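S.K.: Sequence:
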Amino acid sequence: FIRVTPDFSVAPQLQAQDIARAAAAGFKTLVCNRPDHESPDQALTMAEAEAAAAAAGLAFRAIPFAGPPPAAAVAATQGALE
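Just so you know, the sequence shown maps onto residues 1 to 82 in my numbering.
It should be emphasised that the hints constitute simulated quantities derived from the structure, not laboratory data. Certain hints may be false.
Pairwise CB distance ranges (calculated) [said to hold, decoys possible]: (1) G57 / E82: 16 to 22 Å; (2) G26 / A72: 24 to 30 Å; (3) V74 / A24: 27 to 33 Å; (4) A71 / Q15: 15 to 21 Å; (5) A55 / F1: 28 to 34 Å; (6) A71 / Q17: 32 to 38 Å; (7) A11 / P70: 18 to 24 Å; (8) S9 / F65: 25 to 31 Å; (9) A73 / D7: 27 to 33 Å.
Computed from a predicted structure; not experimentally measured. A virtual CB, placed ideally from N, CA and C, is assigned to each residue, including glycine.
Could you put together the complete structure from these sequences and hints?
M.R.: So, in structure tokens, the structure goes:
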């Protein structure tokens, strides 16, 4: 996990065990930006990431996009973090 601010971190592609590790590290919410089938090596679908987050006790927000983040995704992320 890469801490951007004291309350916000980012990470490359997560595996299910990373989501459990995030919860153990004190994270409260997982925002998933990766659309399903974006890449052949994608570890988790959005549904699998959501299930892993629920199992770990994390809130989950799906805000998928490809390429640079559009304004709508930035606004949705801000809303999720509030």
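S.K.: Failing hints, ascending?
M.R.: Numbers 4, 5, 8 and 9 - these are the hints that the structure violates, sorted from lowest upward.
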